[in-house]
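Given next are the chains, with one letter for each unit.
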Amino acid sequence: SAVISQKPSRDICQRGTSLTIQCQVDSQVTMMFWYRQQPGQSLTLIATANQGSEATYESGFVIDKFPISRPNLTFSTLTVSNMSPEDSSIYLCSVEAADYGYTFGSGTRLTVV
Amino acid sequence: KQEVTQIPAALSVPEGENLVLNCSFTDSAIYNLQWFRQDPGKGLTSLLLIQSSQREQTSGRLNASLDKSSGRSTLYIAASQPGDSATYLCAVGSGGANNLFFGTGTRLTVIP
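Residue numbers (the numbering used here), protein chains in the order written: chain A, 4 to 116; chain B, 987 to 1098.
In isolation and in its complexed conformation, chain A is listed as follows (with noise of 0.2 Å):
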C-alpha cells in the first residue's frame, strides 16, 4: 500500500493566520483525500483532490477557507485560512488503492488560540 508522508505533525497557531499542510505520497495517485477530525469527533471529508483540476468540496466546506493545491500525482496542500478556535482539529490526507482500502497521512493536530 501507499506511503502518505504528512507535515507538520502539530502545531499551534494565533487565530486569523493561515496553516498550510502537506502530504506526499510514495506513489503517482489519481485522487488524494482531505478530513478533518474534530474533538471526539469521527472524520468527515473535506474535499477530494484530482490533478490538474480544481478540488472538489463537500458540503459545509468552501475553497476560500480551506484552498487545495495538487501539483503533480504525488503531492498536495491544505490551507486552513483565517483560522478561529473553531478550527483546532485533526486534519489527515488520504488515497485509496484498489487492494488495500485507503491509507492514511499521520496526521497534523491544529490549535488554534
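It should be emphasised that the hints constitute simulated quantities derived from the structure, not laboratory data.
The reader is advised that the hints may include incorrect statements.
As the list claims (entries may be wrong) - The calculated label-pair distances, taken between Cβ atoms and stated as ranges, are:
id, chain 1, residue 1, chain 2, residue 2, range
1, B, E1042, A, S4, 16 to 22 Å
2, B, S998, A, Q54, 20 to 26 Å
3, A, D14, B, T1031, 19 to 25 Å
4, A, F78, B, S1038, 36 to 42 Å
5, B, S998, A, L76, 40 to 46 Å
6, A, A101, B, L997, 31 to 37 Å
7, B, K987, A, I15, 43 to 49 Å
8, A, T23, B, G1046, 33 to 39 Å
9, B, Q1040, A, P70, 35 to 41 Å
10, B, I1097, A, E57, 48 to 54 Å
Glycine residues also receive a C-beta, built at the ideal position from the N, C-alpha and C atoms.
Position chain B against the provided structure of chain A, taking the given hints into account.
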C-alpha cells in the same frame, strides 16, 4: 445516506482477554468495509479491509467479519495486550466511488 454506528463507545478489559468490537451500517449496498486503529492525536492505521464479496479477513490476532445482509461487521481481537489500547474505527465504502462513511469509534483500553 449511509450511517455507521459502533458499539460500545468505550471498552476496558484486562490484558489477555479476547474481545469483540461491533460496527453496524444502515445501507447494505457497500463495496467494502475497512477497520482502522487511531492512537491519540495521530492518523489512522489500516488494520483490515473486507471487500463486499468476502465474509472475513484475518491478520495476526485480528479477525474481521462482514454480514452485508444484516448490516454488521465485527472486529475480534484475541489475547489483548496493553499495546492494543487505541480507538478503533470502522469505515464503509458506499454510495459511489470514493464515498467513505466512518463510525464514531470504540475507545479500547487494555489494562496490564
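A quick look at each hint next to the structure:
The given range of 16 to 22 Å is respected by E1042/B and S4/A, whose C-beta atoms sit roughly 20 Å from each other. Separated by about 45 Å at the C-beta atoms, S998/B and Q54/A break the suggested range of 20 to 26 Å. Checked against the hint of 19 to 25 Å, the pair D14/A and T1031/B passes, with Cβ atoms roughly 22 Å apart. Between F78/A and S1038/B, the C-beta spacing of about 32 Å breaks the proposed range 36 to 42 Å.
Checked against the given bound of 40 to 46 Å, the beta carbons of S998/B and L76/A, roughly 44 Å apart, stay inside it. Checked against the hint of 31 to 37 Å, the pair A101/A and L997/B passes, with Cβ atoms roughly 32 Å apart. Range check, K987/B to I15/A: Cβ separation about 35 Å, and the 43 to 49 Å hint is violated. The hint said 33 to 39 Å for the Cβ distance between T23/A and G1046/B, and at roughly 38 Å that hint holds.
Hint check: Q1040/B to P70/A, Cβ distance near 39 Å, so the stated range 35 to 41 Å holds. For I1097/B and E57/A, the Cβ-Cβ distance of about 50 Å falls inside the hinted range of 48 to 54 Å, so the restraint holds.
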